[in-house]
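Protein chains in written order, with my numbering: chain A, 1 to 545; chain B, 1 to 545.
Fair warning: there could be bad hints in the mix.
On the chain A side, residues computed to face chain B include the following (Cβ under 7 Å) [said to hold, decoys possible]:
1) Val126
2) Phe347
3) Gly350
4) Arg456
5) Arg487
Derived from the structure by calculation, the hints contain no laboratory data. Everything numeric in this text was worked out from a predicted model, so none of it was measured. Built from N, CA and C at the ideal position, the CB exists for glycine as well.
Number of protein chains: 2
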Amino acid sequence: MKNHPLRIIPLGGLGEVGRNMMVYEYGNDLIVVDTGLMFPDNGMLGIDYIIPDIEYLRQNKDRIRAIFITHGHEDHIGAIHHVMAEIQAPIYATKLTAGLIEVKLNRRGMANRAEIHVVSAGDKIVVGAFSVELFHVCHSIPDAVGLGITTPAGLVVHSGDYKFDHTPVDDWPTDYAKLAEFSQRGVLALLADSTNAVNPGWTPSERVIEEGFDQVFRKAKGRILVATFASLISRMQQVAEATERSHRKLAFVGTSMVDNMKMARSLGYITFPETLVVSMDEALNMKDRDVVIMCTGSQGEPSSILGRLSNGTYRGLEIKSGDTVVMSSHPIPGNEEAVYGTINRLFERGADVVYEAIAPVHVSGHASQEEMKLLLQLVRPKYVIPIHGELRMLKRHAFLAGQVGVADENIAIIQNGQIVEFENGKMTIAGRVPVGSVFIDSSGGGDVDPEVMRERELLAREGIIMVQVAVDRYSGGIIGQAEVTSRGLAFKDADAVMAGARRVIGDTLSRANGNAQKDLEQALGSYIYSETRRKPTIFISITRV
Amino acid sequence: MKNHPLRIIPLGGLGEVGRNMMVYEYGNDLIVVDTGLMFPDNGMLGIDYIIPDIEYLRQNKDRIRAIFITHGHEDHIGAIHHVMAEIQAPIYATKLTAGLIEVKLNRRGMANRAEIHVVSAGDKIVVGAFSVELFHVCHSIPDAVGLGITTPAGLVVHSGDYKFDHTPVDDWPTDYAKLAEFSQRGVLALLADSTNAVNPGWTPSERVIEEGFDQVFRKAKGRILVATFASLISRMQQVAEATERSHRKLAFVGTSMVDNMKMARSLGYITFPETLVVSMDEALNMKDRDVVIMCTGSQGEPSSILGRLSNGTYRGLEIKSGDTVVMSSHPIPGNEEAVYGTINRLFERGADVVYEAIAPVHVSGHASQEEMKLLLQLVRPKYVIPIHGELRMLKRHAFLAGQVGVADENIAIIQNGQIVEFENGKMTIAGRVPVGSVFIDSSGGGDVDPEVMRERELLAREGIIMVQVAVDRYSGGIIGQAEVTSRGLAFKDADAVMAGARRVIGDTLSRANGNAQKDLEQALGSYIYSETRRKPTIFISITRV
């Protein structure tokens, strides 16, 4: 067999590296790890979510041997239907992850599109030059795995999202033994989660939430609403247990939450007695102090159930004094304002709102600094590539790797699209492949390209000016007066500026010979800039009469 | 003297209560406390800052006896020139605060507009029915005061921004004795800062920053850049001292930072040897390891010096490998994304970036929970009105007040514009006055009203469509084809949608009888909605030929 370099390429993550999609390739074989979505920044108005541009996968369609999914959170599976629409390759995922993928594909009528292989932690899957061993990791969803990827160039460990929880909700800790075994075999490179690289210490166990919930449930005199991600399956189990302990009944609200709950329950990842759950209608007819409602919206999304409850626009349910709302999540960076706005509005409607800063109702699913060092010590890799994080987090992860003895030159901080090659035990940075982001405006418009995003921002930042003017088709002279309208522009004295604009239009037309349209745009643009220091988008409609 | 109620009204703060402006009135006398600005949210594109709508002050011009400013931060003085342009009243402020106000007024050629009385902690100022005693408080700027406001209705304590720092940079702790004395006299109501009401424990002393700076300065091999607010005067002193200890020289960059530094130094609030400071030009000609540069931009503002350095667009100075950048501040809520983006870009340019999460280079200037309880215990007020915070913080402050024994019915959680009245020792909520926000687009356009803000957001979220069409003036039939252009709209198949739009326009015009403009807008709007689920702003220009 001819010697090839092993190539590793992070393909998606917007400001983060490899968060949502990575590629490993050797010779003619290519495997994809994860197909997730990204959440839009604050400034990205009208965008629902973002997916990695899969141009590189498109270009290498015939070489893709398999897609491995590490766990079922949106930032790891959320682009699967976009990928499946273009790429033919078998998907390997654990039972719960496969279930969540199927829910997602079913909802889009793509149930038969994908060939999904349900595999388990401990399994070894051989595809082309790759032999992929799945090992169990703790995360805020059950059935998460990392990958031990053996290639002719060496063994690479890909952590996925993980933490070292000694008392996880499903009693299944991260597989220390497998990591130690990898280390005995000799690990060429570790690619590991950097999300919490700036957090000192050790991330608390999921188990602390139980006590947090019990405290809150004990004090609550009226209804309890718990908001979290629809894919936080462990949290659903914890809420169900706390509901049972407090002798209340539980209603799930929201399609994605109900679908995920049903699937996870049918697969045995959530267990609770049949009698615990009631429908929303039943819940609304019960005494307030007997009810727990679980819904989405913990990120302050205005269209989510909690978002609509906070705005008073959710039909069939209204927040009232005596309600306790539990925000069981951490704001995704950039969402702070929206989340705190939702909390404030819920308070305004009379609810008591309990969130992370006030009570232990959420813990992170990602390793903190001491855990990251533990992983490095367990795996003892020759090379380290920090992934899953912004540059500042990767840098911190590199600093931690340095602390446990990895040489600076053996740590690669890379960007999306950058190729890392391993050959003869040596790491090199080897060029780039096309990467990018596709903005999804799920309201129906289709993909929003960066050009449209720039247009939207420009419209919002600088405003627009529209001019309608009729000119004599022979003399080119203006007929009557120009109509000038603006949107999103602020003037010290609007009337004077509009009169000035009409004057500029008249003057320009009287001098114009040739491209009146362009002359008008220029003259009006510089007049408006001198008056407002803004550069609005200018539309000129000239009618020759 | 006739008995009047004492009325307290928070006038500004956007999502926060009374942060930037409050009014106290008794009978025919009215005093204003603070005249600050607010920072725009992420979604407010093109807005530089926001000030309280001072309609209520305008309506009561003749009753305003004085303006008291508690300290010199932007959120307490930043609207002073807007207020001074309309209101005639003497300003009372301590020396440093007065200096900062003068810097601000001078820059706008309003030096002679204001009558500023320089007062000191310990002073008592009698204006109309009010006797106002200033007491010293620690904050992240020297010379900050709270107010003990004696009125015929009782004594009200207004904390301003404060913390209980036992080892402040200027060695001047908060005036415990005065607070205890107020309590002996009997305090009707306490209005106190709620900023950190969700933070448990005690805010660390400003002094811990010294060690943080020393650590960072010791490790830095190249230039050091420290970014903070231009009004964080204590921080300038600390950076100067750390510079001296590390045998470097210090250059200040940026007009507002240099102006504030000079003023604070001339007044004795910053002290360092003349030889410590160099100009920017000198700094650039020195060895990298001899230089410290202090600048603004710690909030990720793209137009700030640090923002431009991170983008590579600052003239005369470029970030390079070996530079250490210290972000000595905490992101204002909503700025997290911008701040972390700046940090990532600085890393990309090769700098090492040190920020709050990594080293103790910033501490809060506001009291945490234990300090808030200490203030309540020292002052022992009958009534408590939490101010300076979002609703969720006020609620937490109220909870803390409950913990130290204040009865629920003696705590008022109010909104901006709400009047609290005190008469015969009883507190009542008594109606509202007009409040609001004025958006300042300082690039020259003048005040941006909420209508323009809505227009901007609509443009960005939904896009626009422009139609130009010529019709026969007699038959009303279309001549040629409509021209349809869009901005900020995404289509699955743009050509098909545009063709469809032209068809809809043609059909509508052929049926139109009466208001063709309106018919077209409606028909086109519903066609575009059916194709894109968006409701763009539609402009139609009909020319009758």
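| request: Run the structure past the numbered hints and jot down the numbers of the failing ones, going up. | output: Going through the list in order, the structure violates hints 1 and 3 and respects the others.
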